[in-house]
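In the order they appear, the protein sequences are chains Y and G.
So the first sequence is numbered by numbering that gives the first Met the number 0: it starts at 0 and just counts up by one.
So the second sequence is numbered by numbering that gives the first Met the number 0: it starts at 0 and just counts up by one.
It should be emphasised that the hints constitute simulated quantities derived from the structure, not laboratory data.
Here the structure is a predicted model, which is why all the values come from computation and not from measurement.
Honestly, I wouldn't trust all of these hints.
[Claimed, not checked] In silico lysine to any residue, SDA-like type, Cα no more than 20 Å apart, as pairs:
id, chain 1, residue 1, chain 2, residue 2
1, G, Lys-65, Y, Gly-18
2, G, Lys-65, Y, Leu-105
3, G, Lys-65, Y, Leu-66
4, G, Lys-65, Y, Ala-4
5, G, Lys-6, G, Leu-21
[Unchecked claim] Here's a subset of chain G near chain Y, in silico, CB distances under 7 Å, partners left out:
id, residue
6, Ser-7
7, Ala-204
8, Pro-207
Just so it is clear, CB atoms sit at the ideal spot from N, CA and C, and this is done for glycine as well.
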Amino acid sequence: MNEVAVWTVIVLLGLGTFGLRFVFTGVIGDRQLPPWILRHLRYTAVAVLPGLVAPLVVWPSATGGQLDPPRLAAAAVTLATGLFSRNVVAAILLGAATLYAGLYLLG
Amino acid sequence: MATETTKSAYWQGVRDGAPFLLVVCPFALLFGVVATEAGLDVVETMAFSVLVIAGAAQFTAVELLKNDAPTVIALVSALTVNLRMAMYSASLTPHLGAATLWQRALVAYFTVDQTYACSVLAYDRNPDWSVAQKLGYFFGTVTPICPLWYVFTLVGALAGNAIPDGLALDFAVPITFLALIGPMLRTRAHMAAAFVSVVTALVFAFLPYNLGLLVAALAGMMTGAEIERRDPESLLP
C-alpha cells in the first residue's frame with residue numbers, strides 16, 4: 000500500500016471529520032437558531048441512524064449481500080426490545096443472543 | 000449544589016456509555032485486524048483511530064485504499080460517511096452552544112455515534128439541565144467509550160487474524176445502532192422520520208459514495224419536521 004496515500008488520507012480525513020463535527024457546535028455557538036431549523040434538527044438522529052442501518056441489515060456484507068434470516072431476526076428483536084423496554088443494554092443483549100441462536104440453529 | 004449535580008450527570012454519562020463497550024471494543028478490534036490485514040502498520044492503524052475516531056469512515060477508507068482507489072475517492076467517500084457528524088454537531092448546538100470554545104472543540108472531537116445518541120436522549124429527558132451538567136454528561140459517555148476505542152484498535156492490530164469469523168462481529172454495528180434507535184422513537188413524528196429514512200436509504204442505495212444515506216437523512220428530517228409543524232401536539236408521547 001502506498002505510504003503517502005495512506006498518510007494523506009489519515010491526516011485529511013482526521014481534519015475533515017473534525018471540521019464536520021465542529022461546524023455547527025463551534026461556529027454557531029449560542030446564537031439562536033430559527034425555529035424551522037431546530038424543528039429539523041430534532042429528527043437528526045432518527046433520520047440518520049435508521050438509514051445507516053437499513054442496508055446493513057437487508058444486505059449484510061458477511062453473507063455477500065444476501066438476506067440472512069439470523070441477522071434479520073436479530074435486528075427485529077433488537078429494535079423491538081429497544082422500542083418497548085426503552086433499555087439500550089437489554090436490546091443489545093437480546094439482539095446478540097438472537098443472532099448467535101439463529102446462526103447456531105440455521106448455520 | 001451545582002458541582003454536585005454536574006458530578007452526578009458525569010457519572011450518569013459513564014453508566015449510560017459503559018454498555019456500549021460491548022460493541023465499541025469488538026468494533027475497534029475488528030478495525031485493527033482489518034487495517035493490518037490490508038497492509039497498514041501499527042502506527043498507521045493507530046493514527047486512524049486517534050485522528051479520525053469514526054469507525055465506519057475508517058473501514059471505508061481502508062477498504063478503498065486496499066483496492067488502490069484514487070486517494071481523492073478514498074477521502075471523499077470516507078468524509079461522506081461522516082457527513083452525519085455535521086448533523087450531530089448541529090443538533091448538539093442548542094444544548095452546548097454556550098460552552099467555551101475549548102470545550103466545544105473537545106466535544107466536537109469526541110462526537111461519535113454513541114456519545115451523541117446517549118447525550119441527545121439524556122438532554123431530551125432532562126430539559127432542566129444546565130450547560131455544565133450537559134457537558135458533564137457528555138464527557139461521562141466519552142470516558143469509557145473513546146479510550147477503549149484506541150486500546151482495542153491496538154489489540155486488534157497486534158492480534159492480527161486470530162479472530163474467528165464465527166463471532167459474526169460484522170453485525171455488532173447494526174445491533175448497537177438499532178438498540179439506540181428503539182428508545183428514540185417516542186412520537187409519531189419520530190417514527191415517521193425513521194420509517195422514511197429506512198425506505199429512502201434502501202431505494203437510493205444504488206447511489207455512489209454513500210449519497211443514498213444523505214438523501215435518506217434529509218427526507219427523514221423533513222418528514223419529522225413537517226409532521227411536527229402540522230400538529231405540534233405530535234411531539235407529546
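How the hints compare with the structure:
no.: 1; hint: G:Lys-65 x Y:Gly-18; verdict: violated, 25 Å
no.: 2; hint: G:Lys-65 x Y:Leu-105; verdict: violated, 33 Å
no.: 3; hint: G:Lys-65 x Y:Leu-66; verdict: violated, 26 Å
no.: 4; hint: G:Lys-65 x Y:Ala-4; verdict: holds, 11 Å
no.: 5; hint: G:Lys-6 x G:Leu-21; verdict: violated, 25 Å
no.: 6; hint: Ser-7; verdict: violated, 20 Å
no.: 7; hint: Ala-204; verdict: holds, 5 Å
no.: 8; hint: Pro-207; verdict: violated, 14 Å
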